[in-house]
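Fit chain B to the supplied structure of chain A, relying on the hints for placement.
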Amino acid sequence: MKFSDFVADDAIRATVVADSKEGVIREMTQSLVDAGKISAAEFESIVKAIMKREDLGSTGIGRGVAVPHTKHPSVDRLVGAVAVSPKGIQFESLDGEPVRLFFLLVSPPDRPGDHLRALENISRQLRDESFCKLLISAKGPAEIQHLLEEADVRGIVS
Amino acid sequence: MSIRGNGGANKAEQRQLDMSQETLSRKVVVGMRQGLHARPADLLAREARKWQSRIELIAESQRVDGKSILEVLTLAAEAGTRLVIEATGPDAQEALEAIGHLFERNFNEYENDNKQVF
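Line by line, the protein sequences give chains A and B.
Residues 1 to 158 (our numbering) make up the first sequence, in order.
Residues 1 to 118 (our numbering) make up the second sequence, in order.
Pulled out of the complex, with its shape left as it was, chain A reads as follows (with noise of 0.2 angstroms):
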């Protein structure tokens, strides 16, 4: 799975304001409502259901990297948003580093392949360090897909 099959275009941030483990979640949320891939009587539930999946572990990999995720019953396909915070967020990772680079993810409860071959795409491109350092240092959300479309063509996905 590329990138392209799950970031939505209009759910890209440079520059997160908020500075909290739940800020961004609730922002990069926010994004997807913005980009009409969520709806906004969802959003509650949506943030609730991703903040509950964190309460059993944190989902900040490592390398600066957090991938928040739930499954919701009001998606019908996989979509996902991707946050930069230039200076990191305490996301109690599981290295302890603050976390610059987001992907957020919601999945339909019935599709757990796709959520796996998305996970499986960000990390194997995320295990490229100077990919990640361009993606964190990048000016505006067209040089974060700019960079995300060049992961899809360099990879060798399915």
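A couple of the hints might just be wrong.
Derived contacts from chain A toward chain B, CB cut-off under 8 angstroms, selection only [stated by the list, open to error]: (1) 16; (2) 17; (3) 56; (4) 61; (5) 90; (6) 98; (7) 108; (8) 112; (9) 115; (10) 119; (11) 120; (12) 124.
Restraint-style ranges between C-beta atoms, simulated for each label pair [unchecked claim]: (13) 63(B) with 95(A): 15 to 25 angstroms; (14) 63(B) with 154(A): 17 to 27 angstroms; (15) 43(A) with 100(B): 36 to 46 angstroms; (16) 94(B) with 95(A): 20 to 30 angstroms.
It is worth saying that the hints were derived from the structure and are not from the lab.
The C-beta atom is built at its ideal place from N, Cα and C for all residues, glycine as well.
Here is chain B on its own, set in the frame of chain A:
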């Protein structure tokens, strides 16, 4: 599976033994309906890091470092996927038992719990 270094030797001495560098392996199947997603991948990498041995997971066409959640996630192992765990080092057998145990109890995920999360 039964090859061990001298049980009474300390870790440093065990490292010296050729035997202790033997690679042991164990087959497991991903039993969780949601596959090897972020939470079990985290549990697996945490368990693997407790051991001195090198731990690798092998799927059909991939071999990854079991101590890295990023690497484990790149397997995208769905329910039913067969994996081989390989451990190389002085505590290989104990490591394999501990990790195998995680798979045996499906990483404590309960399949008929509708509220189960990724």
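Open item on the list: Flag every earlier hint the structure violates by its number, smallest first.
Closed with: Going through the list in order, the structure violates hints 1, 2, 5, 6 and 7 and respects the others.
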